[in-house]
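Colleague: Next come the chains, spelled out residue by residue.
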Amino acid sequence: AQSVTQPDIHITVSEGASLELRCNYSYGATPYLFWYVQSPGQGLQLLLKYFSGDTLVQGIKGFEAEFKRSQSSFNLRKPSVHWSDAAEYFCAWGAGRRALTFGSGTRLQVQP
Amino acid sequence: GAGVSQSPSNKVTEKGKDVELRCDPISGHTALYWYRQSLGQGLEFLIYFQGNSAPDKSGLPSDRFSAERTGGSVSTLTIQRTQQEDSAVYLCASSPRGTGGSYNYGYTFGSGTRLTVV
Chain H
1 AQSVTQPDIH ITVSEGASLE LRCNYSYGAT PYLFWYVQSP GQGLQLLLKY FSGDTLVQGI
61 KGFEAEFKRS QSSFNLRKPS VHWSDAAEYF CAWGAGRRAL TFGSGTRLQV QP
Chain V
1001 GAGVSQSPSN KVTEKGKDVE LRCDPISGHT ALYWYRQSLG QGLEFLIYFQ GNSAPDKSGL
1061 PSDRFSAERT GGSVSTLTIQ RTQQEDSAVY LCASSPRGTG GSYNYGYTFG SGTRLTVV
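Heads up: the protein sequence lines correspond to chains H and V, in order.
So in our numbering, spot 94 of the first sequence is number 94, and the numbers just go up one at a time.
If you count the second sequence from 1, you need to add 1000 to reach our numbering.
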């Protein structure tokens, strides 16, 4: 089935440490890929998106993601995490005329 | 408006009652989406409106759920005979164009309506 998977339900990192959140998709072709962040009590905010071209995409708040076709992955990274990055992160994919399909999310906790 | 507005922000209802959730999208956005987020779960697609086209209802979980969009703007999601498993946060999003073009613009989400069925 066409889907997106976030294998990590919960991740804890120390402030200042690097971060990588995993996302794998299952689709016959290259879908449109997105990362959204949901801070406590907030709506979802778009961090970045990938359609085609350069496989490393830059987003807001210092985040980046790399599309790897061979691994069907679109992992989100940040070199140095800040306490304000604590939130839930969702990977999403879209193709054709479908509404976006979201993963189950990864909750990030940042330790001081 | 400046953003996607949803009301009420919180709703507590008794099992078996009907509820209506409202979404006011960004002015000029032709596409409108409803998602449901249950505790500890990702976002579950419910329904999608694009302009005057017939809505994509493929995500509605049962015939107790329905939605309409009047005048291409405000949308109402109605849940009839609510059940405890309907408790969730209901999120609305809008985008400037339909699905293909909306990928370029992204979705703008509202803050959601937290529905609790007791």
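No wet-lab data here; the hints were simulated from the structure.
It should be emphasised that the depicted structure is a prediction, and the values quoted were computed from it without experimental measurement.
Glycine included, C-beta positions come from ideal geometry on N, C-alpha and C.
Keep in mind that a hint or two might mislead.
Unchecked claim - Pulled a few chain V residues facing chain H out of the computed Cβ check, cut under 8 angstroms:
id, residue
1, 1048
2, 1056
3, 1061
4, 1065
5, 1107
6, 1109
7, 1111
Stated by the list, open to error - Anything over 12 angstroms on all C-beta distances counts as not near chain H; from chain V, calculated:
id, residue
8, 1017
9, 1018
10, 1022
11, 1044
12, 1063
13, 1069
14, 1071
15, 1095
16, 1108
17, 1110
Colleague: If a hint holds in the structure, say so; if it doesn't, say that too.
Modeller: Do the hints match the structure? See the list:
With its C-beta approaching chain H no nearer than about 4 angstroms, residue 1048 (chain V) sits inside the 8 angstroms limit, and its interface hint holds. About 7 angstroms separates the beta-carbon of residue 1056 (chain V) from the nearest beta-carbon of chain H, less than 8 angstroms, and the hint is met. The beta carbon of residue 1061 (chain V) comes no nearer than 15 angstroms to any beta carbon in chain H, farther than 8 angstroms, and the hint placing it at the interface is violated. Evaluation of the residue 1065 (chain V) hint against chain H yields a violated restraint, the C-beta minimum of about 15 angstroms exceeding 8 angstroms.
Using the Cβ-Cβ criterion of 8 angstroms, the hint placing residue 1107 (chain V) at the interface with chain H is satisfied: the shortest such distance is roughly 7 angstroms. With its C-beta approaching chain H no nearer than about 4 angstroms, residue 1109 (chain V) sits inside the 8 angstroms limit, and its interface hint holds. Restraint check, residue 1111 (chain V) versus chain H: the minimum CB separation of about 5 angstroms is within 8 angstroms; hint holds. With a closest Cβ-Cβ approach of about 26 angstroms to chain H, residue 1017 (chain V) is found to remain outside the 12 angstroms limit, as its non-interface label requires.
The beta carbon of residue 1018 (chain V) is kept farther than 12 angstroms from every beta carbon of chain H, the shortest such distance being approximately 25 angstroms. The non-interface label for residue 1022 (chain V) is consistent with chain H: the shortest C-beta to C-beta separation is roughly 15 angstroms, beyond 12 angstroms. Taking the minimum C-beta to C-beta distance to chain H, about 8 angstroms, the non-interface status of residue 1044 (chain V) is violated against the 12 angstroms cut. With a minimum CB-CB distance of about 20 angstroms to chain H, residue 1063 (chain V) clears the 12 angstroms threshold, and the non-interface call stands.
Every Cβ of chain H is farther than 12 angstroms from the Cβ of residue 1069 (chain V); the closest lies at roughly 14 angstroms, confirming the non-interface assignment. The claim that residue 1071 (chain V) lies off the interface holds: its Cβ sits roughly 21 angstroms from the closest Cβ of chain H, which is beyond the 12 angstroms cut-off. Chain H draws residue 1095 (chain V) into its interface by the beta-carbon criterion, the shortest separation being 10 angstroms against a cut-off of 12 angstroms. Distance check on residue 1108 (chain V): its Cβ comes as close as 8 angstroms (rounded) to a Cβ of chain H, failing to clear the 12 angstroms threshold; non-interface status is violated.
Its closest Cβ contact with chain H, about 6 angstroms, brings residue 1110 (chain V) to no more than 12 angstroms, contrary to its assignment away from the interface.
Of the hints listed earlier, those the structure fails to meet are numbers 3, 4, 11, 15, 16 and 17, in rising order.
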